[in-house]
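Asker: This is what each chain is made of:
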Amino acid sequence: MSGSRLGVQPGELIDRDRVVRFEWNGTEHHGFAGDTIASALAAGGVEVFSRSFKYRRPRGILTADYHDPNLFVQVGDEPNVRAGHRLLISGMDVTAQGAWPSLGFDARGANRLVGRFLAPGFYYKTFISPARLRPAYQKILRRFGAGGKIDPATPPAHAAKRFAHPDVLVAGGGPAGMAAALAASHRGARVMLVEENHHLGGHLLYGGPESAAALAELRALIGADDAIEVLTNAVVTGRYDHNWVGVVVRHGGEERLVKARAKCLVVAAGKIERPYVFAGNDLPGVMLSSAVRRLINLYAVAPGTRAVVATANESGDAALADLERAGVEVAAVADLRKSGSLLVRAKGRGRLTAVELSGGRTIEADLLVTAVGWTTPTSLLNMAGDRPVYDATAARFLPGEFPDDVLAAGGVVGDGSIESVVDQGRVAGFEAGRRALETGAAWQRLTPRAAPAPEVDTEPTVIPRLPAMPHPELFTGPTDGFVDFSEDVKGRDLALAAAEGYDSIELAKRYTTVTMGSIQGKLAGVNAVAVHAAATGATIATTGTTTWRPPYAPITLGALAGVDEDPVRYSPMHDWHDAHGAVPIGAGQWIRPDHYGDPAREVRNTRANVGIIDVSPLGKIDLRGRDVPRLLEFVYTNRWDSLAIGGVRYGVMCAEDGVILDDGVTARLEESRFYMTTTSSGAGRVWNWLDEWLQTAFPTWDVKTTAVTDGYAAMNIAGPRSRELLQRVASGVDASPESFPYMNARIATVAGVAECIVLRIGFTGELSYEVHVPAGYGLHVWEELLAAGSDLGIAPFGLEAQRIMRLEKGHFIVGQDTDGLTKAHTAGLAGLIKIDKPDFSGKPELVWEGEQGPPRRLVAIQPVDGSVVPAEASQIIAGGLTRGRVTSSRTSPTLERSICLAIVDTEYAAAGAELTIRLPDGRDVAATVLEHHAHVDVDGGRVRG
Amino acid sequence: MSMGGESVAEYSSPVAAATADLGSCLLHDESHLAKWRVWEDDHGVELGRASHYAGSIVCAVSPGEWIVIGDRPDAADVVDLTHVRAAIRLTGAGARSLLEHVCALDLGDSMTPNGAAARTLVAGVATEIIRDDAAGEPSYLLLMSRSFARSVWERLEAAAPATSQ
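Chains A and B, in that order, are what the protein sequence lines are. Just so we're aligned, residue 253 is where the first sequence starts under the working numbering, counting upward by one. Just so we're aligned, residue 570 is where the second sequence starts under the working numbering, counting upward by one.
Check each hint, because a few of them may be wrong.
As the list claims (entries may be wrong) - Facing chain B, according to a computed beta carbon distance under 10 Å, are these residues of chain A, among others: (1) Arg270; (2) Trp695; (3) Gly769; (4) Val820; (5) Ala987; (6) Ala1003.
As the list claims (entries may be wrong) - Away from chain A, derived, C-beta distances all over 10 Å, residues of chain B: (7) Ala586; (8) Ala587; (9) Ser620; (10) Ala623; (11) Ser625; (12) Thr660; (13) Pro682; (14) Ala687; (15) Ala704.
If you're looking for bench data, these hints aren't it; they were derived computationally from the structure. None of the values given here were measured: they were computed from a predicted structure. Idealized CB from N, CA, C, for every residue including glycine.
From just these sequences and the hints, can you work out the full model?
Answerer: See the structure below:
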């Protein structure tokens, strides 16, 4: 056991009064509140946390933070939890991932023995043929995958998103980011400060007394500033055009997406410490200096008992000081800044036992600390168009050029004392605030609803560029080791790829999968470039970096999905239907009653007595103005200018290609006031269609359209006794057939509600009245109609009964019996196409279709065997070819036999033609074409009665 | 009340309750208010603004077109929207952060000050949003097609717990 809990450390994040118990691979462990899973396990002596992806090598702590490639664990049913970041919670069930049968003994570790077969391109080269075996290969390879397990029963997560509009968004809550946020706020900007860790501070958290004092001061100022919204345990996942910035806020395993539109983005992402490539560099016990500093200072955990420190910078020196202060024996220090001082290899089986330094010196140790340099996490800058430039003196890439609404601060641009980093961050934040306010004022000037734009300072402040300090170029040692710990890619793999001709770093990346693993190359990126450059004889500068794409850190699908956005529409009578046994059905956005138990009985009752249906979803458009008749003449195929006040006409709208767009009835209520109804699903489309013509082709016409679909509850009373019912409840209208004939409309007071519109129309093939009631009184009128008709045998009917009755009557439904090719002649509407009108939408195509004769026709058909109901879309065949299809089919309760509408080729469409319908089960049945579309009320006696 | 004003009929609200207490803010159903659309060359309120005028709220969210909440406006071209649009009022210190879960507009004081009006999507539904602070408290009046009101109301209720995080 090498790890152990130290005495109290000055900056420790743990609360020693709160012990937290949890399980690791079925064994009970404990840590303290504030521990990460990894720090608690390390304190308990755990050294091996995972097995590597390809070679199944045991792996331990490398960085001890979010980006540690070796610390992916399973927590309960949540896979891929980052143990270096996730805080410990009481009762957590933590298990190692991908280790089978156990972490200590992994059967697949045999891969190490056959490592030479697992060179880059191994899968492509080996598992490619024969093709018939590829599914089997896939199955076996999946078993070897290193990811966690997902329980298929896990319910889908829908985490609420939110929108944010900060003036300045600061990515990174270290000293530069905190200073930038404060300065931007001081300038008058509203600031969002996003920090990946659970606490603000960055490296100040583990930097000693001077850091602690600076941190305390910055934190106090931020805590007192209401204009700064601090999001910890959150990450900026991407920067998109115009500073659309995605931020993911984590709550344990749940994540929420903040969609931020920042006027200015300050990238203060700091620096990421880089591992060193040498033999044995992945043995548990080999750690980065920053990992050692985190373990000792934040969690009071001794990372080992006998250490070798290989350092080339201040971070390594500080880790050395931390180890000495913590009482860890330091057996040797290799100062890699001195020429000739080398780190040759790490030795050990399963964990580090010794370190070989230059001159053949081998030192026994259980901890090897490396501090060989930094990587600049320029991701967000790259997403803004930056191409980082390699600086050989500083041994790292540095930011190049990026747009004016993006600024960089702190370690991402250079090095310096706490004071100089804070100063640079402050100036960057001050300038970011100024730019944001300037942009905000411009937006305010352009936005009518906004407050008057304030005067803003237009004088920019020059931001000092922090100098990047010289650092030796240290990427690989004299031996080969792992470049990418996530993907198990070694230096020799990259060399082989180069030798095989992958001479571009982008190609080598895809071939070897280097930087493509779970931490997306945050540690491996620059080393991969260096190894590739050496192998191709190029320089790091000319090789360049691979592309860094969003997201910067992974996002759960639940956070991306958000809450279901599809709104549902409810009729004013919805609750009544609900309370009266309606079986609901989704119809577009609407919830409607499909039936109330027995659709056939609803049909029979309507045909015998009177039925009532809620048709509120019908599209309704209020049309006003002198030129409404001209508009109707244009959008419908038939005549409208002669429609009298109180008249109603059925019309079909066609698009320019003659294809049926929608149908419905329109009433003339006053000289210049019309009331148009559309299909339920076509309401929005038709409204747009009217306005599009008015705005583009006829801007001078006096027509005003208002969508009033939701303003009226609509109910259709249908059946031979519907007139008697209307007479009982309506006043101000004479319902007698002489004064209120078929295809007429009246404004009436119904059940005490004034200004109702009553349309006498007959979709169901019955005497029927559609009563449109101001929506707030819809329920009242509905209930009054039911009460008034109780002795007439009134009963509600649903969508299914209506569909049956309209099919009996032979009325087609746009979109059901027509499709995107059905022109008006095809649907049998020749009588409604007035080609003598000067113009109307679709006229040229319909003239042509009329001259040629339609290639197909909509017909009513009846199977010879009336007990057979062919499924809708059943094929109609002749001579071995498809000649048409059934578009609607039902059993008619009125005729007690099956009835259909179908579209068939014209040569098979004549009345009396015999057709063959092929059912989905392969049986063929005979059917006959009828003369008219109607199966019931063929002469119209019922609707006109 | 406008249409059916003389009737004895009982008005029904499009949402299930008249109010809902969401902790940091309150939801009120104000759908019964009379609402009108006016077309005119100038109805006195600039685009993007809403004003109280003689007991009514007049707002302009589209060129040449005004929405009036209150008495029937005196103009030639008027359509009654009372039953077409539902009205939900959201009042309280947490109203803005609640709306930020369902509305992409910048609702901050500089872009959406008191008296601002806009047409946008709220919970996926086309909505006129009017900032109409009441007694110093932030308040937003939302007008949307009546059939969507229940969905919007329920989305606002569901979003309320998320604002505390």
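Asker: Does each hint fit the structure? Answer for all of them.
Answerer: Right, here's what the structure says about each hint:
The closest approach between the C-beta of A:Arg270 and any C-beta of chain B is roughly 22 Å, which is over the 10 Å cut-off, so the hint fails. For A:Trp695, the shortest C-beta to C-beta distance to chain B is roughly 7 Å, which falls under 10 Å, so the interface hint holds. Contact between A:Gly769 and chain B, as hinted, is not supported at the beta carbon level, the nearest pair being about 31 Å apart and thus beyond 10 Å. The interface hint given for A:Val820 is met, as the beta carbon of that residue sits about 5 Å from the closest beta carbon of chain B, less than 10 Å.
The beta carbon of A:Ala987 is not positioned within 10 Å of any beta carbon in chain B (closest approach about 19 Å), and the interface hint is therefore violated. With a least beta-carbon distance of about 7 Å to chain B, the hint placing A:Ala1003 at the interface is held under the 10 Å criterion. Distance check on B:Ala586: its Cβ is at least 12 Å (rounded) from any Cβ of chain A, clearing the 10 Å threshold; non-interface status holds. Every Cβ of chain A is farther than 10 Å from the Cβ of B:Ala587; the closest lies at roughly 14 Å, confirming the non-interface assignment.
No Cβ of chain A comes within 10 Å of the Cβ of B:Ser620; the nearest lies about 12 Å off, and the non-interface call holds. Non-interface status of B:Ala623 relative to chain A is upheld: no Cβ of that chain comes within 10 Å, the nearest being about 22 Å off. Residue placement check: B:Ser625 keeps its beta carbon more than 10 Å from all beta carbons of chain A (closest about 19 Å). With a minimum CB-CB distance of about 19 Å to chain A, B:Thr660 clears the 10 Å threshold, and the non-interface call stands.
Interface exclusion of B:Pro682 from chain A breaks down, the closest Cβ pair being 4 Å apart, not more than 10 Å. A beta-carbon of chain A is positioned within 10 Å of the beta-carbon of B:Ala687; the least distance is around 5 Å. Against the 10 Å criterion, B:Ala704 stays outside the reach of chain A, whose nearest CB is about 20 Å from its own CB.
Violation of the numbered hints given earlier is confined to hints 1, 3, 5, 13, 14; the remaining hints are satisfied by the structure.
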